[in-house]
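J.: Line order of the protein sequences matches chains A and B.
Just so we're aligned, residue 698 is where the first sequence starts under our numbering, counting upward by one.
Just so we're aligned, residue 13 is where the second sequence starts under our numbering, counting upward by one.
Keep in mind that the hints are not guaranteed to be accurate.
As the list claims (entries may be wrong) - Here are some chain A residues pointing at chain B (derived, C-beta under 10 Å): (1) Arg784; (2) Ile789; (3) Arg796; (4) Thr803; (5) Val804; (6) Gly813; (7) Arg818; (8) Pro824; (9) Ala828; (10) His850; (11) Leu851; (12) Gly854; (13) Ala869; (14) Gly872; (15) Val958; (16) Leu959.
Claimed, not checked - Straight line, CA to CA, 20 Å or less: simulated SDA-like cross-link-like pairs of lysine to any residue: (17) A/Lys833 with B/Tyr167; (18) A/Lys833 with B/Val233; (19) A/Lys833 with B/Asn231; (20) A/Lys833 with B/Gln24.
To be verified - Computed spacing ranges between beta-carbons, pair by pair: (21) B/Gly26 with A/Asn873: 58 to 64 Å; (22) B/Gly109 with A/Gln827: 29 to 35 Å; (23) B/Leu278 with A/Asn873: 39 to 45 Å; (24) B/Asp105 with A/Ser885: 25 to 31 Å; (25) B/Phe27 with A/Gln827: 43 to 49 Å; (26) A/Gly872 with B/Ser271: 52 to 58 Å; (27) B/Val274 with A/Arg900: 45 to 51 Å; (28) A/Phe825 with B/Ile279: 24 to 30 Å; (29) A/Gly826 with B/Gly76: 24 to 30 Å; (30) B/Leu278 with A/Leu823: 29 to 35 Å.
Hints are computed from structural coordinates only; laboratory data are not their basis.
Yeah, the Cβ is synthetic: ideal placement off N, Cα and C, and Gly gets one too.
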Amino acid sequence: MSVEPGLGATALAPRPEPEPVVRLRGGRLRYGNRVLWDQLDLDIRPGEFVAVLGPNGSGKTSLIRVLLGLQQLAGGTVQIEGSPARRGNGRIGYIPQQRAVDPTLTVRGKDMVGMGLTGHRWGIGLPFGQAARERKRLVDQALVAVGASEYAHLPIGMLSGGEQQRLRVAQAVVGNPGLLLCDEPLLSLDLAHQRMVSQLVARRAREANTAVVFVTHEINPVLPLVDRVLYLVEGRFKIGTPDEVMTSETLSELFRTPISVLRVDGRLVVVGDQEPIVHHHVEA
Amino acid sequence: MDFFTTTGDMLQLGFVQQALLAAAVLGLASGVLAPLVVARQMAFAVHGTAELAFTGAAAALLLGLSTGGGALIGALLAAALLGVLSLRGKERDAVIGVVLAFGLGLGVLFQGLYKGRTSNKFSLLVGQIISTDSTDLVLLCGSAIIVLIIIAVIYRPLLFASVDPDVAMARGVPVRAFGPLFAVLVGVATSLGVQLVGALLVLSLMVTPGAAAARVTANPVTATVLAVLFAETAVLGGIVLSLAPGLQISAFVTIISFSIYVICRLIGNRRVERLPKLQPVLV
Ligand SMILES: Nc1ncnc2c1ncn2[C@@H]1O[C@H](COP(=O)(O)OP(=O)(O)O)[C@@H](O)[C@H]1O
Ligand SMILES: [Mg+2]
Numbered sequence: 698m699s700v701e702p703g704l705g706a707t708a709l710a711p712r713p714e715p716e717p718v719v720r721l722r723g724g725r726l727r728y729g730n731r732v733l734w735d736q737l738d739l740d741i742r743p744g745e746f747v748a749v750l751g752p753n754g755s756g757k758t759s760l761i762r763v764l765l766g767l768q769q770l771a772g773g774t775v776q777i778e779g780s781p782a783r784r785g786n787g788r789i790g791y792i793p794q795q796r797a798v799d800p801t802l803t804v805r806g807k808d809m810v811g812m813g814l815t816g817h818r819w820g821i822g823l824p825f826g827q828a829a830r831e832r833k834r835l836v837d838q839a840l841v842a843v844g845a846s847e848y849a850h851l852p853i854g855m856l857s858g859g860e861q862q863r864l865r866v867a868q869a870v871v872g873n874p875g876l877l878l879c880d881e882p883l884l885s886l887d888l889a890h891q892r893m894v895s896q897l898v899a900r901r902a903r904e905a906n907t908a909v910v911f912v913t914h915e916i917n918p919v920l921p922l923v924d925r926v927l928y929l930v931e932g933r934f935k936i937g938t939p940d941e942v943m944t945s946e947t948l949s950e951l952f953r954t955p956i957s958v959l960r961v962d963g964r965l966v967v968v969g970d971q972e973p974i975v976h977h978h979v980e981a
Numbered sequence: 013m014d015f016f017t018t019t020g021d022m023l024q025l026g027f028v029q030q031a032l033l034a035a036a037v038l039g040l041a042s043g044v045l046a047p048l049v050v051a052r053q054m055a056f057a058v059h060g061t062a063e064l065a066f067t068g069a070a071a072a073l074l075l076g077l078s079t080g081g082g083a084l085i086g087a088l089l090a091a092a093l094l095g096v097l098s099l100r101g102k103e104r105d106a107v108i109g110v111v112l113a114f115g116l117g118l119g120v121l122f123q124g125l126y127k128g129r130t131s132n133k134f135s136l137l138v139g140q141i142i143s144t145d146s147t148d149l150v151l152l153c154g155s156a157i158i159v160l161i162i163i164a165v166i167y168r169p170l171l172f173a174s175v176d177p178d179v180a181m182a183r184g185v186p187v188r189a190f191g192p193l194f195a196v197l198v199g200v201a202t203s204l205g206v207q208l209v210g211a212l213l214v215l216s217l218m219v220t221p222g223a224a225a226a227r228v229t230a231n232p233v234t235a236t237v238l239a240v241l242f243a244e245t246a247v248l249g250g251i252v253l254s255l256a257p258g259l260q261i262s263a264f265v266t267i268i269s270f271s272i273y274v275i276c277r278l279i280g281n282r283r284v285e286r287l288p289k290l291q292p293v294l295v
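When you get a sec, could you build the whole thing from the sequences and use the hints?
T.: Right, dumping it as structure tokens:
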């Protein structure tokens, strides 16, 4: 029941379609007897920003794990830049679902960013020489790009959630990925920081033509930045532009209960008739 | 004779020099491991491993086998257990506590049954480097060097997996395999420590130097260098200081190790106060 990209998207796309970064065909994900989603088709172009929405347990993290090659599909195929998804693909940058960093953790922000570049390699990694200088240059560049240079020498555990998340963005993009996977990067951030992190990611997508999959509970901070939305609800899903998916009609169909999508000052407010099933916050 | 002449004379003795060599190797291995033990929050696991190494050594003593070999087998059993448990995480501390208590009880039983020299029994708990014979020395140094080589090969991905397991896993680091592997490396180093400083005090070499270094630096390389320095100071200093009075080495080792930790804490607290107050900056 996926929906083709709407007129807006096709009209803007250049004539020769570039090779998609993500190509998911007939994807089916199953844990035991439980099918999370099935027949999922998703192509993501270079530079495209796709938000993945849906209630807890709808399989958003699992989708990211499929793209990372950490989770096998039960059916269908998934390709990243033309080859099957595989674990350890250096062309993918990844921001994991936020966990509180242990405050006593004694690595510096720049160490964490550097791990995004060379942390997976065997050996000690010499702290001097040509390779080390190149590594430092790339790390510094990534830190500048997210505005984290000032506190990159401090232990990560001492930083605020917003600062840690900037470093996560730097870590994910330092290897110059073609695909950026962000799993609820806005969780437990205040509104200003939610916007800041969304904009950092969107700028990256624009400037480096990086495809982005952005899992979030909050549509509003990313609404102006999003090209398409994938909405997952209990095995049902809808793919399309925000205007196509974020409507009372579509969401009522997905949730199988009456839902109203209201526009208040350019923001979306989603209200169900009983329990608030969806938690898109209204800004004060 | 005064303290310095006695110490100087004893330092000329072959078996004291052998002990110092063994201690230097142990200091290097535990100094390298300690920051990783701290980062992986395995202090209690090290303690449990040490107790099982003690059980193994006590069993070996009773059976008339090499205590070094017994300690190694005990520690590896503990490591295997911890490796399996580390896959589940949460329950780990409770299970370590349970197994540790049982292992210690068994060890005490083996010691009770042992009819040999009592100083041998005592040394397994609080260490007796001077009694280390040369075959044990070869075993000790050989295993420590193997541990160091393996650490050198896996250092970067191991650190990545220790501080940032989710991203490390996505980048293809064998995060799950590192749990048991690191437990084994710690087990080997711990069994060496048991022979030198004893089961009760192994934490002062395997954990304290790492914890102390973590107070004063957040740079992983600096932390490792400092931890090695601290461990060497404690273990070599402990041996040298213990020579003249003829008291237990481990008492001196732990006192030095603890003093270094306290000093690092004091320095660390001042360092935190000097940090700039950070403000969120908006794009
Ligand atoms: N490895 C797994 N084995 C079995 N069930 C799983 C596994 N991973 C996730 N699940 C289940 O699949 C559902 C979807 O999980 P997840 O992808 O994390 O959802 P979301 O990120 O949308 O909250 C949840 O009910 C979760 O319990
Ligand atoms: Mg999730």
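J.: Against this structure, judge whether each hint is valid.
T.: Verification of the hints:
1. Given hint, arginine 784 of chain A at the interface with chain B, holds; its Cβ is 5 Å from that chain's nearest Cβ, closer than 10 Å.
2. About 7 Å separates the beta-carbon of isoleucine 789 of chain A from the nearest beta-carbon of chain B, less than 10 Å, and the hint is met.
3. Contact between arginine 796 of chain A and chain B, as hinted, is supported at the beta carbon level, the nearest pair being about 8 Å apart and thus within 10 Å.
4. Residue-level restraint check for threonine 803 of chain A holds (minimum Cβ-Cβ distance to chain B is 4 Å; threshold 10 Å).
5. The beta carbon of valine 804 of chain A comes within 5 Å of a beta carbon in chain B, closer than 10 Å, and the hint placing it at the interface holds.
6. The interface hint given for glycine 813 of chain A is met, as the beta carbon of that residue sits about 7 Å from the closest beta carbon of chain B, less than 10 Å.
7. Checking arginine 818 of chain A against chain B by beta carbon gives a least distance of about 6 Å; that is within 10 Å, so the hint holds.
8. The beta carbon of proline 824 of chain A comes within 6 Å of a beta carbon in chain B, closer than 10 Å, and the hint placing it at the interface holds.
9. The interface hint given for alanine 828 of chain A is broken, as the beta carbon of that residue sits about 12 Å from the closest beta carbon of chain B, more than 10 Å.
10. Here the hint on histidine 850 of chain A is kept, as its CB sits about 8 Å from the closest CB of chain B, short of 10 Å.
11. Nearest Cβ of chain B to the Cβ of leucine 851 of chain A: about 7 Å, under the 10 Å cut. The hint holds.
12. This hint holds: glycine 854 of chain A has a C-beta 9 Å from the nearest C-beta of chain B, less than the 10 Å allowed.
13. Given the 10 Å rule on beta carbons, the hint for alanine 869 of chain A holds: about 8 Å separates it from the nearest Cβ of chain B.
14. Evaluation of the glycine 872 of chain A hint against chain B yields a held restraint, the C-beta minimum of about 9 Å falling below 10 Å.
15. Contact between valine 958 of chain A and chain B, as hinted, is not supported at the beta carbon level, the nearest pair being about 28 Å apart and thus beyond 10 Å.
16. A cut of 10 Å between beta carbons decides the hint on leucine 959 of chain A: the least distance to chain B is about 27 Å, and the hint is violated.
17. With a C-alpha separation of about 19 Å, the suggested pair lysine 833 of chain A and tyrosine 167 of chain B falls inside the 20 Å cut-off, and the hint holds.
18. Annotation: proposed proximity of lysine 833 of chain A to valine 233 of chain B holds, straight-line Cα distance about 15 Å (limit 20 Å).
19. Our distance criterion of 20 Å between C-alpha atoms is met by lysine 833 of chain A and asparagine 231 of chain B, whose separation comes to about 14 Å.
20. For a cut-off of 20 Å, the pair hint linking lysine 833 of chain A to glutamine 24 of chain B is broken: about 48 Å separates their Cα positions.
21. Between glycine 26 of chain B and asparagine 873 of chain A the beta carbon distance is about 59 Å. The supplied range of 58 to 64 Å therefore holds.
22. Checked against the given bound of 29 to 35 Å, the beta carbons of glycine 109 of chain B and glutamine 827 of chain A, roughly 50 Å apart, lie outside it.
23. Leucine 278 of chain B and asparagine 873 of chain A have their C-beta atoms about 43 Å apart, which keeps the hinted 39 to 45 Å range intact.
24. For the hinted restraint 25 to 31 Å between aspartate 105 of chain B and serine 885 of chain A, the CB-CB distance of approximately 26 Å keeps it satisfied.
25. The supplied range of 43 to 49 Å is met by phenylalanine 27 of chain B and glutamine 827 of chain A, whose beta-carbon atoms lie about 48 Å from each other.
26. Between glycine 872 of chain A and serine 271 of chain B the Cβ separation comes to about 44 Å, which falls outside the hinted range of 52 to 58 Å.
27. A beta carbon spacing of about 47 Å between valine 274 of chain B and arginine 900 of chain A agrees with the range 45 to 51 Å that was offered as a hint.
28. Checked against the given bound of 24 to 30 Å, the beta carbons of phenylalanine 825 of chain A and isoleucine 279 of chain B, roughly 27 Å apart, stay inside it.
29. Between glycine 826 of chain A and glycine 76 of chain B the beta carbons are some 54 Å apart, a value that contradicts the proposed interval 24 to 30 Å.
30. The hint said 29 to 35 Å for the Cβ distance between leucine 278 of chain B and leucine 823 of chain A, and at roughly 33 Å that hint holds.
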